[in-house]
Structures are given as C-alpha cells and as structure tokens.
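Residue numbers (full-length UniProt numbering), protein chains in the order written: chain A, 1 to 310; chain B, 1 to 310; chain C, 1 to 310; chain D, 1 to 310.
Honestly, the hints are just simulated from the structure, not real lab data. You may find that some hints are simply not true.
Stated by the list, open to error - Listing some non-contacts, in silico: residues in chain B with all C-beta distances to chain A over 10 Å:
no., residue
1, 30
2, 38
3, 50
4, 68
5, 110
6, 121
7, 155
8, 168
9, 215
10, 218
11, 226
12, 232
13, 253
14, 280
15, 299
To be verified - Some chain C residues judged to face chain D by a derived CB distance under 7 Å, without partners named:
no., residue
16, 35
17, 185
18, 188
19, 189
20, 299
21, 300
Note that the structure is predicted; figures quoted are calculated from it, not measured. Backbone N, C-alpha and C define an ideal beta-carbon position, used for all residues, glycine too.
Each chain is listed here by its residues.
4 protein chains.
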Amino acid sequence: MSAATYTFLGPEGTFTEAALLQVPGAADAQRVPCTNVNTALERVRQGEADAAMVPIENSVEGGVTATLDAIATGQELRIVREALVPITFVLVARPGVGLSDIKRISTHGHAWAQCRLWVDANLPGVDYMPGSSTAAAAMGLLDEDAPYEAAICGPLVAAGQSGLNVLAEDIGDVPDAVTRFILVGRPGALPERTGADKTTVVVPLPEDHPGALMEILDQFASRGVNLSRIESRPTGQYLGHYFFSIDADGHAADSRVADALAGLHRISPATRFLGSYARADMQPAVVAPHTSDAAFASAHAWVDSILKGQ
Amino acid sequence: MSAATYTFLGPEGTFTEAALLQVPGAADAQRVPCTNVNTALERVRQGEADAAMVPIENSVEGGVTATLDAIATGQELRIVREALVPITFVLVARPGVGLSDIKRISTHGHAWAQCRLWVDANLPGVDYMPGSSTAAAAMGLLDEDAPYEAAICGPLVAAGQSGLNVLAEDIGDVPDAVTRFILVGRPGALPERTGADKTTVVVPLPEDHPGALMEILDQFASRGVNLSRIESRPTGQYLGHYFFSIDADGHAADSRVADALAGLHRISPATRFLGSYARADMQPAVVAPHTSDAAFASAHAWVDSILKGQ
Amino acid sequence: MSAATYTFLGPEGTFTEAALLQVPGAADAQRVPCTNVNTALERVRQGEADAAMVPIENSVEGGVTATLDAIATGQELRIVREALVPITFVLVARPGVGLSDIKRISTHGHAWAQCRLWVDANLPGVDYMPGSSTAAAAMGLLDEDAPYEAAICGPLVAAGQSGLNVLAEDIGDVPDAVTRFILVGRPGALPERTGADKTTVVVPLPEDHPGALMEILDQFASRGVNLSRIESRPTGQYLGHYFFSIDADGHAADSRVADALAGLHRISPATRFLGSYARADMQPAVVAPHTSDAAFASAHAWVDSILKGQ
Amino acid sequence: MSAATYTFLGPEGTFTEAALLQVPGAADAQRVPCTNVNTALERVRQGEADAAMVPIENSVEGGVTATLDAIATGQELRIVREALVPITFVLVARPGVGLSDIKRISTHGHAWAQCRLWVDANLPGVDYMPGSSTAAAAMGLLDEDAPYEAAICGPLVAAGQSGLNVLAEDIGDVPDAVTRFILVGRPGALPERTGADKTTVVVPLPEDHPGALMEILDQFASRGVNLSRIESRPTGQYLGHYFFSIDADGHAADSRVADALAGLHRISPATRFLGSYARADMQPAVVAPHTSDAAFASAHAWVDSILKGQ
C-alpha cells in the first residue's frame with residue numbers, strides 16, 4: 001500500500017503544515033504545498049491527493065474566506081478531522097544581524113497585525129514589507145539582496161532553517177492565539193462517533209422566506225444542539241443572498257443532530273453536509289435527557305404505535 | 001350484527017343528543033343518556049358502549065371541564081369524530097300559558113346566562129330557578145305542580161314534547177353560537193386522513209423545565225402546524241402543575257404532525273395522544289412546501305444517504 | 001379611624017378565612033363571609049368592603065374558576081397580597097361517636113377527593129354526602145338530625161366548635177398540600193416593590209393573529225421574566241376565544257416587567273393588569289444582568305443619545 | 001461657503017465614483033480617490049473630508065470586507081445615504097486592436113470572475129492578468145508597453161477615455177448585477193425619517209451567553225422589524241468571536257426600531273449604531289398595527305398609568 005498524499009496551503013513551514021503534521025502518519029506521507037486553498041482542494045476533488053489541510057478560522061496566513069467559499073460550492077467534499085495550532089511568532093534574521101540593525105521587517109499581513117504591539121515597543125520606527133506568507137518572508141532572508149533585515153514567522157520555519165537566527169520569541173500580542181485547520185477529503189464513510197464531535201454544514205438562506213435565519217437557528221436550538229461557529233458569506237450572485245457556514249456540536253449519527261439536519265434540509269433544500277468529525281479539544285457534548293438518542297427512539301416508537309392504531 | 005351503542009351526556013333532548021344524531025347510523029342505534037361525562041366515558045372504557053358523545057367546548061349544559069379532565073387521565077380513549085351544533089334557544093310553556101303569565105323560568109345556568117338580554121327586554125322582573133339541564137327544566141313543566149311557568153331549552157326538546165308550546169324562538173344573545181362535541185371511543189385504527197383533519201393531545205407541563213410551554217408550542221410552530229384550541233387545566237395535585245389540552249390542524253399520518261408528536265413526547269414523555277379525526281367544518285389545512293410530506297421524505301432520504309457515507 | 005372590612009369566600013372557619021387571618025389586622029377587622037366569590041368581589045367594587053380574600057389556585061372548597069373569571073372582567077380590581085394556607089384535614093364527630101359508628105361522612109367534594117385514600121383504608125364502605133363547604137358539613141353535625149355521623153374539615157373549624165370531637169388528624173392524601181389565596185382591592189397605589197414580587201395579568205388571546213400565544217409568552221421570556229402560573233379560560237362568547245391568566249415574577253416597577261407589560265399591551269390591547277404584590281414565599285427573583293433596571297436605563301440613554309444626534 | 005469634499009475608493013472612473021456622482025452636488029464637489037477603504041474613512045474621521053463613498057455589498061472591486069470591518073471599529077462613523085449602481089462591463093482596447101488580436105486581458109479579479117462566461121465563449125484561450133482595479137487595468141492600456149491588449153471595466157471609465165475603443169458591451173454574466181455603496185460621515189443629526197428607511201448596526205456576539213444570536217435576531221423579529229442584510233465577521237482576536245453587521249428596515253426614530261435598538265444594547269452593550277438613512281429603492285416599510293408608533297405610545301401610556309396607581 002502506498003502512503004497517503006496530502007495537499008496543504010503552503011509554502012512548507014507554515015502553521016498549516018504544522019497542523020498537517022498532527023495527523024497520524026502525515027510525517028511520512030507525501031505533503032504537497034499549494035499556493036492557494038482552491039488548488040489544495042481541487043487536487044483532492046481530482047483524486048490526486050487523499051485530503052487537504054486548510055485553515056478555517058483565524059488564520060495568520062489568510063485563506064479562511066477562500067476555504068469557506070471553496071468547500072461550500074463545487075463538487076462535494078467532507079471534513080474528516082480538525083486541528084488546532086497554537087500561534088506563536090518569532091523574529092528571525094541572518095547571523096550577525098541584531099535588533100539594532102533592523103530597518104525593515106517582512107511577514108504576512110495578518111501576522112504583522114498580530115505582532116504590532118511588540119514591534120512598536122521594541123523596534124519603533126521600523127518599516128513593514130508585505131510578504132506572501134510568513135515562511136516566504138523568512139526564506140527571503142536567505143537571499144543576500146533581500147530588501148529587509150528580519151522576518152516574523154512561526155517556530156517551525158525558524159527551526160527548519162540553519163541559516164537563520166531567532167532574535168526574539170513569542171512576540172505575538174495575543175498570548176493564547178490559536179488557528180483552526182480542517183482536513184478535507186472526498187465523501188465516504190463518516191468518521192466514528194466519539195461523543196465529542198462536531199458537524200459542519202453550509203446552509204443557503206432561502207431568500208423568499210422571511211425569518212428564515214431564525215428558523216435555521218431554531219433547528220439546532222430546539223434539539224439542544226449547540227453551535228460553536230456561525231459565519232455568513234455572500235453567495236456573490238445577487239445582493240442580499242447569503243449562505244451560512246455552521247459548526248454544531250455532535251455527530252450526524254446522534255439522533256438530535258440527524259433530526260436537525262433533516263429540519264435544515266426541509267427549510268433550505270440546498271443545505272450541504274460537510275462532515276462529522278472528532279473535536280480537537282475532545283470536549284464531550286452535553287446532552288439533555290429529552291434530546292438523547294433514547295428520547296428520540298422512544299418518541300418514534302410511540303408515534304409508530306399510534307399510527308398502527310395501538 | 002347488532003347496532004352500535006352510544007352513551008351521551010343526558011338527559012334526552014339536549015344539544016348533546018343533537019350532536020350524537022349527526023353521527024351516521026346514530027338515529028337507529030342505542031342511545032344511552034348519562035347523568036355526567038365521567039359515566040358516559042366510563043361505559044366506553046368498560047366496553048358497555050362503543051363510543052360516547054360529550055361536549056368539549058362552549059357547552060350550554062356544562063361538562064366541558066369534566067370532559068377535558070376525564071379524557072386526559074385514566075384508561076386511554078380516542079376521539080374519532082367532532083360535531084358542531086348551532087345553539088338556539090326557545091322559550092316553552094304549557095298550553096294556555098302566555099308571556100304575561102310567566103313569573104319564574106327554569107333552565108341550566110349556562111343557558112340562562114346566554115338568554116339574559118332577551119329575558120331582561122321581554123320579561124323584566126321574572127325570577128330564575130336553576131335546572132340541572134335545559135331538557136330537565138322543560139320536562140319539569142309537564143308536572144302540574146312545577147314551581148315555574150316556563151323553561152328555556154333547545155328546539156330538539158321542544159319538538160319532542162307535544163305537551164309544550166313554544167312561546168318564543170331564537171332568544172339567545174349570541175346569534176351564531178355553536179357548541180363543539182366529540183365522539184370518544186377506545187384506541188384502535190385511526191380514522192382515515194381527509195386533508196381537513198384535527199389532532200388532539202394532552203401535554204403535561206414538565207415542571208422541572210423552565211420555558212417548557214414555549215418549547216411545547218414550538219413543536220407545532222416549527223412544523224407549521226396551526227393550533228385551533230389550547231387550554232390549560234390544573235392537575236389537581238400540587239400548585240403550579242398543569243396539563244395543556246391542544247387541538248392541532250392535521251392528522252397523525254401527516255409527516256409534520258407525526259414529527260411534532262415525536263417532539264412533544266421527547267419534551268413531555270407523558271404526552272397523551274387523543275386522536276386524529278376529520279374536522280366538522282371540512283376546512284383543509286394549509287401546508288407550506290417545507291412542511292409537506294414530500295419535504296419530510298426528501299429530508300430523511302438525504303440524512304440517510306449521509307449516514308451511509310454516500 | 002374605623003377598622004377595615006374584608007369579605008371572603010365563606011362560611012366562617014374555612015381555609016379562606018384562615019388565609020384572611022394571615023393579613024395583619026384582619027383578626028380585629030370586620031370579616032364578612034360571602035356565599036360565592038362573585039359576591040365577595042362585588043362588595044369590594046361597590047365600596048362596601050376594603051378587600052376580599054378568595055382562592056386562586058388548588059382550593060379544596062372550589063371557587064378558583066369563579067375567581068379567575070370574576071377578576072378578568074367587570075370593573076377593574078387589584079390583587080394586593082397573596083396567602084398560602086397548608087391544607088390539612090381532620091375527621092370530626094359529635095361527642096360519643098367513634099370511628100366504628102360512622103356510616104356516612106359529609107364534606108365539600110374537593111375535600112372528599114383529597115381524603116379518599118385515608119377513608120378507604122380506615123373506614124371502608126362508608127358513604128359520602130356532598131356538603132356545600134367543609135365548614136357547613138362540620139356545623140351540620142351540631143344538628144341532632146344530621147343524616148351523617150362525621151365530617152371532614154380543616155383544623156380551624158374543629159378548633160372553633162366545642163361541640164365536636166376530632167377523631168383523626170392529618171387525613172389528607174397529599175402531605176404538603178397548599179392552597180393559594182389572593183386579597184383583592186380596588187385600583188390604587190401599588191404595594192411597594194420588595195424584590196420578591198409577583199405580577200398578575202389577564203391577556204385575551206387576539207384571535208386574528210396566528211402565533212399570538214407564542215408572542216405573548218415571548219414578551220416575558222425575552223425580558224427574562226419567569227412565569228409561575230399560566231391558565232387559559234374560555235371567554236364564553238365564541239368557540240376558540242380564550243384569555244390567559246398569568247402570574248409573572250417581578251413587580252411592575254421593575255423595568256423588565258414594565259417592558260413586558262408594554263409588549264403585551266401592543267399585542268393584545270385589552271390586556272388587564274391585576275396587580276404587583278409581594279410573594280408569600282418571599283423568594284427573590286433572579287435577574288440576569290441584561291434585564292436589570294440598570295441595563296434598561298443604560299439602553300434607553302443610549303437610544304436617546306442616538307436620536308439627539310450625539 | 002466652500003463645496004463639500006468627498007473621498008471614495010478609487011481610482012477615478014470606478015463604480016464607486018459612479019455611486020458618489022448620485023449624491024446631489026457631488027458632481028461639483030471635490031472628489032478624492034483613495035487607494036483603500038480605510039484611508040477613505042480615516043480622512044472623514046480626521047475632518048479632512050465630509051463623507052466617504054465606499055462599497056458595502058457585492059462589489060466588483062473588492063473592499064466590502066474592509067468596509068464592514070472599518071466602520072465596525074475605531075472612532076464612530078455614520079452612514080447617511082446608500083447608493084445602488086448597476087454593474088455592467090465593457091471590453092476596451094486601443095484603437096486598431098480587434099477581438100482577434102487579444103491574447104491577454106487585465107481587470108480586477110472580481111470583475112474577471114463575473115465575465116468568465118462571455119470570455120470563454122468569445123475569447124477562448126485568452127490569458128488573465130490581475131489588475132488592482134477595473135479602472136487601473138483600462139488606464140494601463142494607454143501605456144504602449146502594456147503587457148495585455150484589452151481590459152474589462154465599467155462604462156464610466158470607457159466613456160472618460162478618448163484613447164480607448166469599446167469592443168463589446170454588457171459582457172457580465174449576471175444580467176441585473178448591482179453593487180451597493182454607502183456614504184459615510186461623522187456622527188450628527190440623523191437624516192430625516194422618510195418612511196422608507198434603513199438602519200445599520202454592528203452587534204458583537206456576547207460569547208458568554210448561549211443562544212445570544214437568536215436573542216439578537218429576536219430583538220428585531222419581536223418588533224416586526226425586517227432584516228435586509230446580516231453578515232458575520234470574525235473579530236480577529238480569538239476563535240469563535242464574531243460581530244454581526246445588520247441592516248434593518250426602518251429608522252431609529254420609528255418606535256419599533258428604537259425599542260429593538262434598546263434591546264440590542266441590553267444583550268450586547270457594545271452594539272454600535274451606524275446610522276438611519278433613506279433606502280435607495282424607496283420601498284416603504286410594512287408596519288403591523290401592533291408595532292406602530294401609536295401602539296408603542298399607547299402601551300407606554302398604559303404602563304405609566306399603572307405605575308402611578310391609576
């Protein structure tokens with residue numbers, strides 16, 4: 001059996017690759033960096049890769065909007081795993097360069113935004129040069145003609161480059177910053193239910209149906225299904241047309257989630273199921289007695305007996 | 001085959017018997033008047049009668065509260081039909097008695113209350129003597145020693161008694177008054193779905209569950225099921241313990257109603273199903289596309305395909 | 001200054017008089033027993049009494065339905081106090097009569113229903129004679145020709161009659177039974193806010209407004225106002241016309257309650273305010289920060305500043 | 001009096017400038033193109049401009065996300081007007097260049113995406129070169145060394161350049177595409193209420209409050225206030241922290257809107273009011289009787305009379 005092939009939002013050394021390395025076996029698998037989220041996912045759709053690791057929430061390298069849109073349309077995909085990566089930043093430079101030598105810093109714009117307090121306090125007056133990723137900014141320093149003296153990147157990049165010195169660690173402004181990534185494959189058998197699961201759906205807002213968003217939310221609320229993420233995205237076609245990308249607690253094999261999914265499909269038939277998978281934090285769902293599998297089974301048995309005239 | 005046996009809230013000649021006579025075949029069946037609702041229903045439970053006709057809403061002979069409570073507890077019963085009876089009142093007296101001879105009138109207290117405007121206008125100063133039913137008051141006039149000269153009753157009573165004269169017709173204060181009755185049998189196959197049906201349930205309010213009433217109502221609202229009657233009754237045991245008696249549009253064989261019933265059972269497992277039956281007014285339910293049987297079938301097929309990994 | 005005058009649902013010695021005696025000063029006030037709830041309230045409306053004590057929930061002497069209907073219509077009244085009376089029953093007989101001598105027992109029907117287990121266990125085969133009240137049944141024993149040998153009544157009655165012996169105490173089937181009474185006066189300044197208050201309203205269900213009941217309940221829910229009692233009553237005019245009698249936690253002077261009242265009035269303009277008064281159990285309301293008086297004040301100040309263009 | 005100064009998302013000739021030209025007097029005012037939304041708004045905050053025209057929905061030049069985020073934070077701003085611009089595209093080239101000469105086309109990425117069908121059908125195999133805006137792509141053609149032969153831009157750009165030929169008109173894939181823009185000023189007196197107004201708010205989702213999104217939506221729904229736009233945006237600080245950008249029908253001077261605003265402020269005290277202004281389509285709001293100004297006034301008068309003890 002050949003090893004798995006994974007695509008990811010590259011380049012190598014970014015936080016996305018760190019997320020991919022959390023997948024069992026990924027260290028020995030083929031890992032293919034892609035220049036954007038769409039390409040990473042398209043290779044999975046075409047069967048050239050088994051799965052793609054892409055950011056879904058709060059990424060320092062961008063790509064979140066692209067991911068939300070790309071998995072919401074086109075050929076169906078399935079999220080099979082999530083990964084959380086703590087976001088810490090280091091400042092790197094070439095050997096011999098000290099803090100006082102730095103006039104310009106390069107990094108991805110989102111990373112720059114997250115280190116502004118440290119930079120303002122420690123390197124006041126320094127200039128910023130946009131980089132296409134944190135890793136690309138760091139790699140660029142290996143070129144002697146680089147028009148900047150330092151880069152901000154993740155520890156993984158820094159550790160992988162013997163040609164770079166770490167001048168400062170943990171320079172991010174938000175102490176416990178975390179980015180969430182998802183591993184996306186093709187439709188197939190769902191990952192096993194663990195009791196600490198998450199289900200992701202994309203629900204187009206039916207435009208001819210006033211109050212539809214409250215009805216959509218009520219499908220979850222009325223079954224005691226908690227939501228951990230809800231984001232709207234314009235569909236891009238007409239003004240006022242949206243879809244909602246939603247993470248709900250629980251697995252499609254949980255009766256309360258299956259019932260909520262059926263309700264969503266009735267209200268918005270183009271609802272797309274994007275997967276049920278284990279939560280990275282392994283926090284079990286709290287299930288009220290009246291939304292347990294047993295309560296659903298008992299209720300359906302009761303209705304069946306009524307319909308049979310018993 | 002022997003004819004059916006029906007009990008009803010008596011005595012003979014009341015509006016309840018008029019309701020019973022609307023049932024096909026009831027004119028030739030055995031009709032057993034009972035002195036109270038509980039007895040009428042108990043005979044059905046014991047198998048001594050096939051069904052009982054009792055008032056459920058706005059009765060001029062009382063009994064509504066007794067009906068609501070009696071069908072909510074004890075051995076299960078099923079409503080199989082409803083009947084609406086227009087409520088019109090006549091004033092009767094013995095031959096030879098005219099309006100000017102009347103000093104005292106007897107009738108049931110509820111009937112009295114509904115003819116007060118006519119009496120005040122046409123027989124000012126007349127006294128009222130309570131009767132146990134409209135029919136009993138009328139019958140009492142046949143006794144020469146009756147301590148009153150006239151009675152208020154329904155046209156059916158008046159028509160059945162050659163010994164009484166009708167002095168005035170249509171003397172009720174509310175022109176289009178109607179009482180609703182139900183025919184109650186033992187559990188069995190449900191009446192056929194007609195598209196213009198009603199489903200009756202009794203839902204105990206779970207006391208350890210704040211907001212439970214809104215959750216109960218939401219089981220109907222979220223499936224587009226309209227309610228035509230909702231009444232609370234104390235359970236009689238503790239302060240603040242209630243059950244709700246509810247009529248909903250639709251038949252248990254309608255997917256949206258079946259789904260609502262399942263939801264009720266989960267929230268309040270002691271929910272009692274009291275029957276699905278044709279509406280007396282034959283007004284068809286309005287069903288939104290997303291709550292149609294087809295929408296439910298499509299939604300369940302979709303969820304099944306997800307769970308099968310397709 | 002002359003002492004206050006109170007009417008109450010009589011006769012003397014019932015649980016209702018026990019409730020009235022909890023009112024400071026009532027022991028020395030004039031206490032007028034009335035044969036029914038309507039009369040007791042009418043005397044207050046006419047100014048012949050200062051207030052009336054009547055049952056509102058779970059009474060062993062009946063009258064609850066009459067109270068709900070009487071305060072919901074007619075000239076406006078205000079609840080100014082509530083009283084809880086523990087319901088315990090004693091069996092009384094004339095001196096010289098023992099348990100083995102008892103063939104028939106009289107009491108109010110509701111009281112009889114609540115002592116059936118004890119009677120079945122201790123006096124099997126005994127007959128029941130309906131009484132118009134527990135007190136009347138007990139008093140009747142003083143008549144030598146009484147057609148029954150014992151009566152079930154409350155301890156207050158028994159204590160007041162030297163001519164009766166208590167044969168058994170605490171014979172009720174429900175150990176902690178309690179009846180709730182209300183003291184009803186004419187409109188005027190509201191009782192002071194205590195932090196542990198209750199507000200009573202009557203809300204007619206607007207018939208031309210589907211979903212109105214959920215909207216009504218939402219007026220409370222959306223302001224975090226808990227409901228301790230909700231009962232529907234038919235208005236008696238047309239089928240399907242109801243009003244709801246509701247007890248809500250909090251005082252009209254609480255911003256969240258005042259805001260809910262305004263919402264009710266918009267949806268159902270005939271909503272009737274029946275009073276804000278201290279809870280008998282003195283249990284303080286739990287108020288979420290976003291429904292506190294401070295939150296309302298801050299919100300209104302913010303909206304005002306917007307409208308002033310600041 | 002000096003003329004007004006307006007900033008807008010440039011460069012000149014874009015759809016944003018077309019939107020600005022809809023503002024009375026803007027044709028003669030000073031119009032300052034800015035390279036990004038933040039700059040356009042910052043100049044207003046600093047008092048260097050009176051107002052800024054920026055895209056808020058479905059822009060072909062991007063900027064929408066930047067606008068949503070920029071008006072949600074920082075020094076307060078107010079939307080005072082909205083403008084709708086029909087989006088039509090033309091293909092332009094230098095004189096002498098025909099369709100068959102075109103090997104590469106430049107335009108903004110969003111515009112490219114909206115003309116793909118036409119391009120694939122009429123210019124198969126042509127290459128795409130990203131441009132920073134539609135106008136910049138068109139202007140670039142004036143340079144003889146431009147590395148592309150044609151550009152896609154709006155009719156306004158084409159009309160303004162005598163050096164360019166229009167090779168094809170109306171080449172967009174969506175026939176009735178429209179982009180929505182807003183004119184943003186500093187806080188001050190609100191625009192007059194017209195009866196066909198819109199109110200924009202930014203509501204941070206309180207994270208410690210489960211069900212908060214439904215509560216937020218219910219503030220509008222329970223007052224009959226329709227929403228025409230709702231979008232979530234991550235706050236960027238922590239996973240799962242969002243704010244919602246919402247357009248609601250009606251003006252803050254409408255009682256139902258003012259009441260909804262107060263409710264939002266209670267649930268999410270950091271709610272930001274972004275303005276009430278006339279709808280571009282002049283479609284009047286439909287107001288149910290129970291959410292009219294009169295209903296609110298009557299409700300408040302009623303509650304006041306209760307609190308005064310009347």
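Subject >> Hints breached by this structure >> reply: Hints 9, 10, 13, 15, 16 and 17 not satisfied by this model.
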